[in-house]
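Protein sequences appear in the order of chains A and B.
With this note's numbering, the residue at position 96 of the first sequence is 96, and numbering never jumps.
Count along the second sequence starting at 1, add 1000, and that's the number in this note's numbering.
Hints were generated in silico from the structure; no laboratory data involved.
This structure is a prediction, so every number in the text was calculated from the model and none was measured.
Glycine residues also receive a C-beta, built at the ideal position from the N, C-alpha and C atoms.
There could be a bad hint or two in this list.
As the list claims (entries may be wrong) - Every beta carbon over 10 Å from chain B, so not counted as near; a handful from chain A, in silico: (1) Arg4; (2) Asp18; (3) Ile21; (4) Ala26; (5) Pro28; (6) Ala32; (7) Ala33; (8) Leu41; (9) Pro75; (10) Pro80; (11) Ser85.
What the hints assert, rightly or not - If you want the footprint, here are the derived chain B segments under chain A, 3+ residues with CB under 8 Å: (12) 1066-1073; (13) 1085-1097.
To be verified - If you anchor each label on the Cβ, the simulated ranges turn out as follows: (14) Thr9(A) to Pro1110(B): 26 to 34 Å; (15) Ala87(A) to His1324(B): 54 to 62 Å; (16) Asp76(A) to Val1097(B): 21 to 29 Å.
Each chain, letter by letter, is given below.
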Amino acid sequence: MSVRVKLPTHLRRLARVDGEISVDVAEPVTLAAVLDAVESLHPELQGAMRDRATGRRRAFVRYFACEEDLSHEPPDTPLPEPVTSGAEPLLVVGAMAGG
Amino acid sequence: MSSRSAAGQQVMAEVRVLVGTRKGAFVLTADGARKDWRVDGPHFAGLEVYHVAGSPAAPDRVWAAPSTSWFGQQVHRSDDGGRSWTAVGSDFTYAGVPGTHQWYDGTPHPWEFARVWHLEPSATDPDTVLAGVEDAALFRSVDGGSTWSELPGLREHGSGPHWQPGAGGMCLHTILPDPRDPARMLVAISAAGVFRTDDGGATWRPTNAGLVSEGIPDPDAEVGHCVHKLALHPDRPDTVYMQKHWDVMRSDDGGEHWHDVGGDLPTDFGFVVDVHAHEPETVYVLPITSDAEHFPPEGKLRVYRSRTGGHEWEPLSRGLPQEHCYVDVLRDAMAVDGLDSCGVYFGTTGGQVYASADAGDTWAPIVRDLPAVLSVEVQTLS
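Just chain A, with the same shape it has in the complex (with noise of 0.2 Å):
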């Protein structure tokens, strides 16, 4: 599945990239997994969104897609059907006052 990833300014310019990227991931398409797609593309964003260790989110990072907070879900949970079918991104966001 190809899946469409907003990032936040500072990471769009650390990763060079303009616009949203994609990533194409296997089902199921659960936030890890498109985490680590994503990561696995543009390794210099390793340690920006989650932490490179453990995989927990950073403090200051949220996910949103379909008007809904994913930031809490369990990273293992699928992805709602608009975001795996394309027709959403995945919001990564500064959280609020972000810089």
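On the provided structure of chain A, position chain B as indicated by the hints.
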């Protein structure tokens, strides 16, 4: 060399000032006259850049350590003098289980990486660079920044559980390799003190004899001192100057013993200290009113210079604001160049970078309105 040719050589030289700020990095360049400056930046716009440092071994190799609390640490390397940058490794994982240090209230607190405070590129190998980090530890890369490995003998030498953070965090902010002996090095940590290795970083010991600090249970304890900055002259590396939280100190035995040289300073609180490029007994500090009032005394921005290795200090104020000035100058925000007429530079939390091309006699701003300056380094290029 005639004075005319010396002056010509000076003008032919180039000075590159590397500035880290709260919202990016800037590269300021001028010829040896140091009058007309080019300002490039911001690089890493919006990120906190605690330090930018050039390699003495390959001057166009420059390192930068931008970070945010949101997305963590980055390290970037430039091989064209700071015009373009490449992200390199930024995995600063402590060796083993790092244990605890003291929190502000004296309770144990887990060691947690927060950011890189200081980069110290090797004098001889462009691919080797040391990094001092918060929570305090020393890391080294020998592969151009791709990977970082902790030198755990410092954090694990035994006193680590008694270290505590200063107001800015528990940071390793100063790395002073001994230019005579690559196995020997001093580092300084707020608030722990000075530590020395004589075997390339494998083993360490505190070297804080003579330091006295209020605010810790035992004022002359072996560790716990809030050392703000160290500086030395490469021709006389056993003489080390220190700006402590309070007190300006000097050691003449490589940090084994320290004595107070604050003398007639208006206040001996401050953050920066540096040494003239050609005169090992000429020292610069910038007094700050107090630990409660982080701005210059009387609202007058004055560098103080001692030509006697301390004790006797003269204020240097020509060209600096002498009223209504309430900026701070942080610990890594002063540097000197190596030109015949030594240049001195410092940056303020108000975003000014001041330069003196005559060893501090007169000053002028290079820029006035940058974000708060965190660090200033200078490269002298021929």
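For each hint, the structure was consulted:
Every CB of chain B lies more than 10 Å from the CB of arginine 4(A), the least distance being 20 Å, so the non-interface label holds. For aspartate 18(A), the requirement that its beta carbon stay farther than 10 Å from each beta carbon of chain B is met, with the minimum near 15 Å. Even its closest Cβ contact with chain B, about 16 Å, leaves isoleucine 21(A) beyond 10 Å, as expected for a residue assigned away from the interface. The Cβ of alanine 26(A) lies farther than 10 Å from every Cβ of chain B, with a closest approach of about 27 Å, so its non-interface assignment holds.
Separation of proline 28(A) from chain B is adequate, the least Cβ-Cβ distance of about 27 Å exceeding the 10 Å criterion. Against the 10 Å criterion, alanine 32(A) stays outside the reach of chain B, whose nearest CB is about 18 Å from its own CB. Residue-level check passed: alanine 33(A) sits 21 Å from the nearest beta carbon of chain B, beyond 10 Å. The claim that leucine 41(A) lies off the interface holds: its Cβ sits roughly 14 Å from the closest Cβ of chain B, which is beyond the 10 Å cut-off.
Here proline 75(A) stays apart from chain B, with its beta-carbon at least about 18 Å from theirs, past the 10 Å limit. Listed as a non-interface residue, proline 80(A) keeps its Cβ farther than 10 Å from every Cβ of chain B; the least gap is roughly 25 Å. The claim that serine 85(A) is not at the interface with chain B holds, since no C-beta of that chain comes within 10 Å of its own (minimum 28 Å). Residues of the region 1066-1073 of chain B with a Cβ under 8 Å from some Cβ of chain A number 6, which satisfies the need for three, so the listed coverage holds.
Counting residues of the region 1085-1097 of chain B whose C-beta lies closer than 8 Å to any C-beta of chain A gives 4; at least three are required, and the coverage claim holds. Remark: the range hint 26 to 34 Å for threonine 9(A) to proline 1110(B) is upheld by a beta-carbon distance near 31 Å. At roughly 58 Å, the beta-carbon separation of alanine 87(A) and histidine 1324(B) lies within the given 54 to 62 Å, and the hint holds. The supplied range of 21 to 29 Å is met by aspartate 76(A) and valine 1097(B), whose beta-carbon atoms lie about 27 Å from each other.
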